[in-house]
Amino acid sequence: MTDTYNYEHFDAYVRDGADQAEFAGFADHLHVGEAAPDAALTRLDDGEQVALSSLWSDSYAVLEFGSFT
Amino acid sequence: MFVYTREAHPGAHVPAHATFDDKLAAAGQLRDVFGISRPILVDDLDGTAHRAYGSMPNMTWVVGRGGRLVYKAEWTSATNVEAFVDRHTDTRGERTAGVTLAPYVTEQLEHREVDRQAFYRHLEQRNGPRSLAEFREAERIWSDRG
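For the record, the sequence lines run as chains F and P.
Each residue of the first sequence is one higher than the one before, counting from 0 in numbering that gives the first Met the number 0.
Each residue of the second sequence is one higher than the one before, counting from 0 in numbering that gives the first Met the number 0.
Just so you know, these hints were derived from the structure itself, not from any lab.
Heads up, none of these hints are tricks.
So the derived list for chain F, only partly shown, Cβ under 7 Å to chain P, looks like this: (1) G32; (2) E33; (3) W55; (4) G65.
We treat Cβ as the ideally placed atom computed from N, Cα and C, and that holds for glycine.
Okay, chain F solo, but in the shape it has when bound:
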């Protein structure tokens, strides 16, 4: 899964149609009104593991996903 997920070449990823599959799937994948998926992530500041669910236990959470590029 790591090899497929962390593609090395953006053009190959697009040529394979992987972008199309992911964009097409997004509309149906998860919806407002449903429960937010939980996951364990690493906080950059201190390296601690954080459960996503801890972020919305007291108040709303805005999650922006992204990378350097």
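Following the hints, put chain P in place on chain F, whose structure we already have.
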């Protein structure tokens, strides 16, 4: 909250993450180069959180208190997200004042500002000529798809 995912346009400076340490280091660069002050959470190498939320390269989700998804966006526009949060927060104020409210779901088409030339420049600066060349090749493929 910023969730750091796989590198959307791998290149010379930040190639595809091979180890989790690579990913942590790249997230650190992101924080320093962009001067991000909000907390950055790094997803695992397999992209568990990224994939759980739909794998888009720059999506924004808002989760209401208690864990219900209240906002879903394929791309990120800070202006639009802020406007939503303000409206959402206002709603909570009304509820406190004794007004009865019921939730309903909408689907909306939003717009975000796009500056393609600036994107090319930044991509080349940040991750080298190859990452830009690959993006241009992707554009040709998209155009052929029609």
